[in-house]
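In order, the protein sequences belong to chains A and B.
Numbered according to my numbering, the first sequence spans residues 1 to 307.
Numbered according to my numbering, the second sequence spans residues 1 to 297.
No incorrect hints appear here.
Simulated restraints, written as ranges between beta carbons of each label pair:
{"#": "1", "chain 1": "A", "residue 1": "R129", "chain 2": "B", "residue 2": "A195", "range": "49 to 59 Å"}
{"#": "2", "chain 1": "A", "residue 1": "G125", "chain 2": "B", "residue 2": "L107", "range": "33 to 43 Å"}
{"#": "3", "chain 1": "A", "residue 1": "Q50", "chain 2": "B", "residue 2": "R133", "range": "33 to 43 Å"}
{"#": "4", "chain 1": "A", "residue 1": "Y84", "chain 2": "B", "residue 2": "G45", "range": "48 to 58 Å"}
If you want the ones that stay clear, here's a sample from chain A, every Cβ over 10 Å from chain B, calculated:
{"#": "5", "residue": "F2"}
{"#": "6", "residue": "A5"}
{"#": "7", "residue": "D74"}
{"#": "8", "residue": "Y84"}
{"#": "9", "residue": "P95"}
{"#": "10", "residue": "L98"}
{"#": "11", "residue": "V107"}
{"#": "12", "residue": "R122"}
{"#": "13", "residue": "L160"}
{"#": "14", "residue": "A170"}
{"#": "15", "residue": "V179"}
{"#": "16", "residue": "Y297"}
Just so you know, these hints were derived from the structure itself, not from any lab.
Ideal placement from N, C-alpha and C gives every residue a C-beta, glycine not left out.
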Amino acid sequence: MFRYAVARLLGAIPTLFALVTIAFFLVRLAPGGPFDDERQLPPEIEANLQRAYNLDAPLTSQYLRYLGDLARGDLGPSFKYKDYSVAELIATGLPATLRIGLSALVVAVLAGVFCGAVAALRRNGWVDRVVMTLAMTGIAIPNFVVAPALTLLLGVYLRLLPVGGWGDGAFRFLILPVVALALPKIAYVARLTRGSLAEVLGSPYIRTARAKGLRGTTILVRHAARAALLPVVSYLGPTAAALLTGSVVIEQIFGIPGLGRYFVQGALNRDYTLVLGIVLFYGTLIILLNLLADLAYGWLDPRVRYD
Amino acid sequence: MAGWIRGCAMTDAVLPRSPGGRAWARLRRNPTAVAAMIVLGVIAGLCIVGPWVIPHSYDAVSWENILTAPDWSSGHWFGTDPNGRDLLARTLVGGRISLMVGLVASLVSLVIGVSWGAVAGYTGGRVDGVMMRIVDILYALPFMFFVILLMVYFGRNIVLIFVAIGAVEWLTMARIVRGQTLSLKRREFIEAARAIGVPGLTIVRRHIVPNVAGPVIVFLTLTIPEVMLIESFISFLGLGVQEPMTSWGVLISEGAQNIEEAPWLLAFPGTCLALTLLCLNLLGDALRDALDPRDGR
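In isolation and in its complexed conformation, chain B is listed as follows:
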């Protein structure tokens, strides 16, 4: 309702009819959100394209250039690391890995969380009770330790990072989706679908899941930075991605070890990670505001 009222006050644009379109329109009018999206786009674009364009390779060791400071003329714009490798190239390649881990692990958590929550909420009764009890139990476990254990024992495998983090992060998603599903279940269109004999799984897939998209997207945006943080935490402890491949967490860890001689080793990857996390958080907040028209803040 409030969205409609606010829409009337607007003179510059016609408000789109669909809820998704309205949220998108609100989001585009939020300068913070737009700035965050642009910065994220630039970072992602640089990380994807950059490694092919810049003259240095991320794993080319050069004994002449050990720990050189950032320098415009030599082409080592971010300086070099203790093995003489170009930090700019390593930061970009590391960014690829960090962003990919963030995205893929969040998608893993999305798939598990949404299916779990929707099935529990839609089925209800004892199944719901058991499924949510499992979530409660898992919730109380110190999961960071399990992730560390997994990484130590089964090697530093990037697929395992996705799975391990995804498997940790789906719990809140399941709770959110279940709550939404419980309220959706009583609505007329679901009842109508059931009345004409649509099977339960199809109802969940075709009607429930698309309707929980709003909160799920918001939570997904906030899960990505969380996941990236976990990945860099693990990599920082030396348990994540393996050399010569790298990620922002690995680079930050190297930077922390050489902080006295070469502060740029921490500064550049640290800034990239912090900036990305900041933008994702800002975007998540803005999305929540955009999707929740009641909240006037």
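So here's chain A without its partners, still in its complex pose:
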């Protein structure tokens, strides 16, 4: 397993390389630049700025230089947020993004597994029908529709929760963004759990357990849960990635000072280094999360062999 993990990490190197390369040239070949403001700069000053940020060098040499800086762990300075390095900006935005992302992940898995399990245990009953219909609807409604609707209902009409803002991450401010982010994923996890648990419950070894006279809960927790949760575990990596991406919109809606906002702002301002830094950061995170999910899968499923 350790060797497998190392092999996977080594395998991520070409992926990261492709990521840097595509992102770098995509960002740089685009029209416009970080210093195109409404206010025209005198050409000498603009030339000086370009030189200061090494933007006057040929693109390939800038690329090689960026790679070199990257190898030393330096993401460079931001073009728009003066006196801040990209690493500092990421460090500023990361806590909020991670906080809502991780909370949404936990909520999605817990609520999704619970609903799915209830549906599977009452298969084809009315509970099952209701849960599955809700789940299908939950998948279909995008979170940027759910978020404003929930805000209107709980924030404006009922005045239960703040409509936006961050409030230094206080619990009350977290509820709406996390729920909006988690809802479609709850639905998806519920469907996955229901499908796999229903299949597992029909398998011979569960019948054996039942024939032995084990109690229902014991069968469920000890025997069925492990096998039934496998698809959920393998879905965790992509879910985490999707939650991170989805939080771009959620951060925008609720005015949360996270990475997603820096990204969109950076892209609009042609803040090359900031955009590149965030894309790289996300890419690395997604690769790591996928690796973790795969390792967890192997740990849960003894049939998986690493060779």
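Chain B: place on chain A using the hints.
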């Protein structure tokens, strides 16, 4: 086999012989699928025909009618937006764009994915290895960010939306098609075709591609809602379709900004988008069941 057994139990109809026909017959007996198809047909029909029929134009600004609530008598059945434009007209026109993006971008992903997967699977060996390694690498990239970057840098061009989303969504299709191709490649009829000297590309085109149609159609049905979701996500961020042209994502974004004064601005386009996505998902699921007779669920 199971399909055949189930066919025997049926008394009301003779089962068609071809696999496609059998799947279609099964699909037609699934009430959810039929309902989904009808709803989709109605939505698409309204979006295509509607803008010509209704009295208001989607881009006619009217200062007398700013943010009026839905009203039967004035003809603004869905109300009006902050510029006094008729929301019904805008929803229908936006629906055209959203549906078109969904279809065209999915077709782009279909063409790239099927050709890539079929060529990789059929050629095999080192070519296959390299091609699928490329897919693996691209898979791990945070593509939503690339789409956002593309939209920001190269302007809000609708053709670019098609290409950008299509270029993102073909990866899974390529994997599915390659898997199918690998198993098809060993079959006798392919061997026979090769034995009589049919060139490789022709085999791929005439024999491989038609035979992977089943899974591909299912996946295509599920790609369309995904693509529409990406488009509205981008439009929501203000990076998609440009005013006065609109899409459901743009309308939802406007609705979210005016939610306190004018909740209908979110309600109508949001419902349309959600309903369309729901129906496409249901249809995709039903198609998968119809094409896979082993699955008794």
